[in-house]
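Novice: For the protein sequence lines, the chains are A, B and C, in the order given.
Letter by letter, the first sequence follows residues 2 to 292 of our numbering.
Letter by letter, the second sequence follows residues 2 to 292 of our numbering.
Letter by letter, the third sequence follows residues 2 to 292 of our numbering.
Just so you know, these hints were derived from the structure itself, not from any lab.
Being a predicted model, the structure only gives us computed values, none of them experimental.
All C-beta atoms, glycine included, are put in the ideal place defined by N, C-alpha and C.
Hints may contain errors.
Some chain B residues judged to face chain C by a derived CB distance under 8 Å, without partners named [unchecked claim]:
1) Phe15
2) Glu20
3) Gly23
4) Lys26
5) Pro34
6) Ala47
7) Ser79
8) Pro129
9) Ser131
10) Ala227
Computed footprint of chain B on chain C; a stretch qualifies when at least three of its residues, placed anywhere within it, have a C-beta under 8 Å from a C-beta of chain B [claimed, not checked]:
11) 18-26
12) 29-43
13) 180-189
14) 221-229
15) 232-239
What follows is a list of derived Cβ distance ranges for each label pair [stated by the list, open to error]:
16) C:His213 to A:Pro34: 48 to 56 Å
17) B:Gly261 to A:Leu171: 47 to 55 Å
18) A:Pro129 to C:Ser218: 53 to 61 Å
19) A:Gly231 to B:Asp49: 39 to 47 Å
20) B:Gly241 to C:Ala269: 56 to 64 Å
21) A:Gly254 to B:Gly254: 19 to 27 Å
22) A:His35 to B:Gly261: 38 to 46 Å
23) B:Pro158 to C:His213: 29 to 37 Å
24) C:Val168 to A:Ile203: 28 to 36 Å
25) B:Ala230 to C:Gln216: 52 to 60 Å
26) A:Pro129 to B:Gly261: 56 to 64 Å
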Amino acid sequence: MPERFETVSFLSDFGSADEFVGVVKSVIRSIAPHVVVVDLTHGISAYDVRGASLALARAVQYLAPGVVLAVVDPGVGSERRAVAVEVAEVASVFVGPDNGVLASAVALAGGANRAVALTDERFHLPAPGSTFAGRDIFAPAVAHLCNGVDLAELGEPVEPDTLLPGVLPLTRREGGQVVAEVLWVDRYGNVQLNVDPDELVILDDPVMLSFHGEQRSARRAESYSAIAAGAVGLVVDAYGLVSIAANRQSAAGELGLGAGDSVTLAVADGDASGPAATTSPVALRPSRSPS
Amino acid sequence: MPERFETVSFLSDFGSADEFVGVVKSVIRSIAPHVVVVDLTHGISAYDVRGASLALARAVQYLAPGVVLAVVDPGVGSERRAVAVEVAEVASVFVGPDNGVLASAVALAGGANRAVALTDERFHLPAPGSTFAGRDIFAPAVAHLCNGVDLAELGEPVEPDTLLPGVLPLTRREGGQVVAEVLWVDRYGNVQLNVDPDELVILDDPVMLSFHGEQRSARRAESYSAIAAGAVGLVVDAYGLVSIAANRQSAAGELGLGAGDSVTLAVADGDASGPAATTSPVALRPSRSPS
Amino acid sequence: MPERFETVSFLSDFGSADEFVGVVKSVIRSIAPHVVVVDLTHGISAYDVRGASLALARAVQYLAPGVVLAVVDPGVGSERRAVAVEVAEVASVFVGPDNGVLASAVALAGGANRAVALTDERFHLPAPGSTFAGRDIFAPAVAHLCNGVDLAELGEPVEPDTLLPGVLPLTRREGGQVVAEVLWVDRYGNVQLNVDPDELVILDDPVMLSFHGEQRSARRAESYSAIAAGAVGLVVDAYGLVSIAANRQSAAGELGLGAGDSVTLAVADGDASGPAATTSPVALRPSRSPS
Numbered sequence: 002m003p004e005r006f007e008t009v010s011f012l013s014d015f016g017s018a019d020e021f022v023g024v025v026k027s028v029i030r031s032i033a034p035h036v037v038v039v040d041l042t043h044g045i046s047a048y049d050v051r052g053a054s055l056a057l058a059r060a061v062q063y064l065a066p067g068v069v070l071a072v073v074d075p076g077v078g079s080e081r082r083a084v085a086v087e088v089a090e091v092a093s094v095f096v097g098p099d100n101g102v103l104a105s106a107v108a109l110a111g112g113a114n115r116a117v118a119l120t121d122e123r124f125h126l127p128a129p130g131s132t133f134a135g136r137d138i139f140a141p142a143v144a145h146l147c148n149g150v151d152l153a154e155l156g157e158p159v160e161p162d163t164l165l166p167g168v169l170p171l172t173r174r175e176g177g178q179v180v181a182e183v184l185w186v187d188r189y190g191n192v193q194l195n196v197d198p199d200e201l202v203i204l205d206d207p208v209m210l211s212f213h214g215e216q217r218s219a220r221r222a223e224s225y226s227a228i229a230a231g232a233v234g235l236v237v238d239a240y241g242l243v244s245i246a247a248n249r250q251s252a253a254g255e256l257g258l259g260a261g262d263s264v265t266l267a268v269a270d271g272d273a274s275g276p277a278a279t280t281s282p283v284a285l286r287p288s289r290s291p292s
Numbered sequence: 002m003p004e005r006f007e008t009v010s011f012l013s014d015f016g017s018a019d020e021f022v023g024v025v026k027s028v029i030r031s032i033a034p035h036v037v038v039v040d041l042t043h044g045i046s047a048y049d050v051r052g053a054s055l056a057l058a059r060a061v062q063y064l065a066p067g068v069v070l071a072v073v074d075p076g077v078g079s080e081r082r083a084v085a086v087e088v089a090e091v092a093s094v095f096v097g098p099d100n101g102v103l104a105s106a107v108a109l110a111g112g113a114n115r116a117v118a119l120t121d122e123r124f125h126l127p128a129p130g131s132t133f134a135g136r137d138i139f140a141p142a143v144a145h146l147c148n149g150v151d152l153a154e155l156g157e158p159v160e161p162d163t164l165l166p167g168v169l170p171l172t173r174r175e176g177g178q179v180v181a182e183v184l185w186v187d188r189y190g191n192v193q194l195n196v197d198p199d200e201l202v203i204l205d206d207p208v209m210l211s212f213h214g215e216q217r218s219a220r221r222a223e224s225y226s227a228i229a230a231g232a233v234g235l236v237v238d239a240y241g242l243v244s245i246a247a248n249r250q251s252a253a254g255e256l257g258l259g260a261g262d263s264v265t266l267a268v269a270d271g272d273a274s275g276p277a278a279t280t281s282p283v284a285l286r287p288s289r290s291p292s
Numbered sequence: 002m003p004e005r006f007e008t009v010s011f012l013s014d015f016g017s018a019d020e021f022v023g024v025v026k027s028v029i030r031s032i033a034p035h036v037v038v039v040d041l042t043h044g045i046s047a048y049d050v051r052g053a054s055l056a057l058a059r060a061v062q063y064l065a066p067g068v069v070l071a072v073v074d075p076g077v078g079s080e081r082r083a084v085a086v087e088v089a090e091v092a093s094v095f096v097g098p099d100n101g102v103l104a105s106a107v108a109l110a111g112g113a114n115r116a117v118a119l120t121d122e123r124f125h126l127p128a129p130g131s132t133f134a135g136r137d138i139f140a141p142a143v144a145h146l147c148n149g150v151d152l153a154e155l156g157e158p159v160e161p162d163t164l165l166p167g168v169l170p171l172t173r174r175e176g177g178q179v180v181a182e183v184l185w186v187d188r189y190g191n192v193q194l195n196v197d198p199d200e201l202v203i204l205d206d207p208v209m210l211s212f213h214g215e216q217r218s219a220r221r222a223e224s225y226s227a228i229a230a231g232a233v234g235l236v237v238d239a240y241g242l243v244s245i246a247a248n249r250q251s252a253a254g255e256l257g258l259g260a261g262d263s264v265t266l267a268v269a270d271g272d273a274s275g276p277a278a279t280t281s282p283v284a285l286r287p288s289r290s291p292s
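Could you put together the complete structure from these sequences and hints?
Specialist: Following this line, the structure appears as structure tokens:
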């Protein structure tokens with residue numbers, strides 16, 4: 002049986018204080034020594050399935066072909082399924098809990114082609130308790146897939162339509178306003194909104210931002226450096242979405258914004274007391290491959 | 002001379018802010034380019050030899066064959082020995098300071114077969130000061146071992162019996178009570194006790210926990226998800242030990258518990274004002290191999 | 002075209018919470034699958050070009066031959082140049098923004114031999130915004146260099162003399178005093194000064210440290226363990242510089258010192274009210290190779 006995959010891209014909420022990440026990688030290396038593991042991040046907030054799902058969606062088009070392992074799993078040991086999902090367009094398999102963490106990335110990678118629940122205990126590590134599925138269920142499944150074991154051998158088939166979908170917030174247009182939501186605050190305090198730049202053509206410059214009962218004016222800028230000191234600006238970020246940013250400062254800190262917060266964008270003299278954004282299942286728009 | 006080891010499993014208290022980990026890995030790669038380094042964790046608290054020793058003991062049965070490097074070394078540059086220890090049962094060598102950090106893992110891997118002090122300066126990097134043995138003594142020793150240099154060449158032989166033992170706390174039974182100690186609080190706030198589930202057969206459900214002069218009732222649960230909201234439960238964790246846990250919340254934060262704290266377990270209506278647990282040299286019980 | 006480099010040493014201020022590091026490594030692996038990336042650190046404070054430059058200078062003599070990627074880039078997307086710099090003495094190329102982050106390491110590696118600006122868009126990833134040059138410009142450049150693409154193909158030639166120099170602070174001698182500056186506070190709270198041990202031969206033991214209007218006596222010690230409990234001492238560190246340290250405690254925390262602070266060293270009974278240190282372009286002194 003030929004080796005099938007050489008790369009595992011690994012994301013989790015395991016953090017860096019404990020040895021969880023290292024043990025998962027040790028199990029993979031013990032079973033499939035030829036595999037290289039690329040850590041996407043393990044700094045997802047504990048239990049934050051939505052944050053992990055978005056991080057994976059931002060990254061997916063850039064990943065090397067192979068297996069993608071995403072473990073943010075507050076329901077570990079319960080009835081939630083552990084799954085492996087083969088996608089249509091990419092030579093890749095996604096492995097993780099069936100709690101939505103994989104959904105947006107799978108959609109961006111062409112959608113699920115086949116899926117199984119990781120129920121065959123021949124591919125599990127024996128363990129006295131069920132609290133560390135990353136080590137005992139997911140890592141060996143990933144390693145055996147890399148060794149060429151077919152998806153279908155790992156457990157019972159799962160109908161792709163039954164996989165839990167991801168939920169991404171849609172913007173809502175209300176008159177001259179765009180009611181948006183914060184998707185992500187990054188390490189530098191940039192505030193990514195669920196807003197396509199095209200949605201803002203209805204608004205002149207500057208734009209008035211309303212949030213938490215406050216208002217703040219923001220001008221469009223080509224780069225962080227082009228934003229005036231002390232001001233916040235609107236930048237089209239590396240993912241093609243509108244971000245609220247500042248120059249060498251944290252816009253999120255300055256404005257008190259976090260993931261999930263509602264922000265209304267309007268013309269600078271408009272009425273900007275907007276209600277919360279609505280939520281609807283939707284995929285990030287497809288994007289280009291890295292090379 | 003054939004290459005002997007292909008994997009180095011690396012644990013330290015170096016943290017992530019400085020370049021210490023990267024420099025150690027660069028030195029290994031410069032001398033032994035064929036080696037893959039698997040980082041177990043570098044988030045051990047500064048100087049926490051006990052915490053590092055327990056993390057290594059939890060991980061050791063899952064490690065790929067090769068060299069294990071553990072650097073938590075508050076005595077760096079002093080008279081404490083730098084050692085390499087070959088174990089009996091596993092094709093592995095453990096390298097680190099002789100301060101107890103290796104002891105439990107070595108015991109779990111079958112005990113020390115041979116050991117040396119890393120005294121031969123031909124295998125050291127020259128350095129103006131003695132504060133970074135990870136870079137100047139441990140990394141080159143690890144790399145040369147991976148290149149096939151025999152343990153005995155690295156320095157003076159050390160009698161395995163003289164290696165500093167690890168110290169793991171024993172539970173104590175007092176009447177109907179079990180006096181335990183917190184071994185570990187993980188990233189999610191799960192509180193691992195030094196308690197085997199068998200020790201609790203004397204106690205009905207729920208169990209009364211006593212600590213810091215407080216009391217709290219806890220029911221046994223099969224998984225974190227099975228614990229009622231707002232409650233704490235007792236779960237057999239992935240290491241076969243009893244953990245105090247909560248459902249998507251930090252039990253440690255809720256109860257104010259940290260590593261080393263004493264917890265008494267009793268029947269829910271019993272007298273639970275227990276004294277501190279005693280300490281005794283003991284190994285974690287042997288466990289199974291990963292694949 | 003033969004593969005040219007097998008190792009990328011990677012340093013940034015990307016932190017560990019987001020997937021930035023993982024995406025850069027995924028892009029490199031997608032284009033140049035044979036490459037091993039060694040992470041030096043990604044815990045540089047956001048925007049801290051000076052801190053990154055010093056970390057790279059401390060590490061450079063220990064790096065495996067190959068490409069060095071340093072991304073601390075507050076001017077991303079602006080007119081600052083993205084560059085690749087080939088050095089004279091080492092089989093290495095340094096890649097990053099031309100903002101000083103590479104300068105000291107390049108000087109220690111023998112100085113710039115050739116340089117280019119990464120302007121050829123054939124080697125960029127297409128992207129909707131310009132905020133993530135690590136992914137879209139630096140990572141593909143690094144990967145193509147590893148694949149054997151010549152530096153000159155990546156963009157317009159840059160005259161090495163026009164690269165932004167690094168600025169390292171010089172000590173200043175004033176009578177019997179040495180006016181120094183804190184270069185670095187490490188994970189353990191050791192305070193590295195820009196002071197060569199030879200500069201202190203004029204001072205008896207103990208030395209009086211003056212900083213922030215306070216004074217503190219410090220004795221020389223061979224190792225951290227040799228410093229008395231509760232005291233601070235002066236240790237020659239692993240880089241050949243004088244560090245203020247404590248025994249299993251943070252000297253920086255104890256004294257309230259951080260990077261960039263001024264410290265005056267004098268004889269214990271001398272007048273130590275010194276002015277701030279002067280700044281001048283200078284390289285860390287050359288040092289030895291790792292093996």
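Novice: Range hint 38 to 46 Å: satisfied by the CB atoms of A:His35 and B:Gly261?
Specialist: holds (42 Å)
Novice: Return the status of the interface hint for B:Ala227: holds when the least beta-carbon distance to chain C is below 8 Å, violated otherwise.
Specialist: At about 30 Å, which exceeds the 8 Å cut-off, the nearest Cβ of chain C leaves the hint on B:Ala227 violated.
Novice: I want to verify a distance hint. Is the separation of the beta carbons of C:Val168 and A:Ile203 within 28 to 36 Å?
Specialist: violated (48 Å)
Novice: Count residues of the region 221-229 of chain C with a Cβ under 8 Å from any Cβ of chain B, then say if the count reaches three.
Specialist: With 5 residues in contact (Cβ-Cβ under 8 Å with chain B), the coverage given for the region 221-229 of chain C holds.
Novice: So the hint says 56 to 64 Å: do the beta-carbon atoms of B:Gly241 and C:Ala269 match that?
Specialist: About 58 Å separates the Cβ atoms of B:Gly241 and C:Ala269, which means 56 to 64 Å holds.
Novice: Can you take a look at whether the region 18-26 of chain C is actually covered by chain B? Rule is 3+ residues, C-beta closer than 8 Å.
Specialist: As far as the region 18-26 of chain C goes, the hint is violated, because 0 residues have Cβ atoms under 8 Å from chain B.
Novice: Count the residues of the region 232-239 of chain C with a beta-carbon closer than 8 Å to any beta-carbon of chain B: does the count reach three?
Specialist: As far as the region 232-239 of chain C goes, the hint holds, because 4 residues have Cβ atoms under 8 Å from chain B.
Novice: Closer than 8 Å between Cβ atoms is the bar; does B:Glu20 clear it against chain C? Give me holds or violated.
Specialist: Hint holds; B:Glu20 Cβ to chain C Cβ min 4 Å, cut 8 Å.
Novice: Closer than 8 Å between Cβ atoms is the bar; does B:Ser131 clear it against chain C? Give me holds or violated.
Specialist: It holds, given that the least Cβ distance between B:Ser131 and chain C is near 6 Å, below 8 Å.
Novice: Can we keep the B:Lys26 interface hint, with Cβ of chain C closer than 8 Å?
Specialist: At 5 Å from the nearest chain C Cβ, B:Lys26 passes the 8 Å test, so the hint holds.
Novice: Go ahead and decide if the range 47 to 55 Å is satisfied by the Cβ distance of B:Gly261 to A:Leu171.
Specialist: Once the Cβ atoms are compared, 50 Å apart, the range 47 to 55 Å for A:Leu171 and B:Gly261 holds.
Novice: Please count how many residues of the region 29-43 of chain C have a CB within 8 Å of a CB from chain B and say whether that reaches 3.
Specialist: As far as the region 29-43 of chain C goes, the hint holds, because 6 residues have Cβ atoms under 8 Å from chain B.
Hints 10, 11, 23, 24 and 26 from the earlier list are contradicted by this structure; the remaining hints agree with it.
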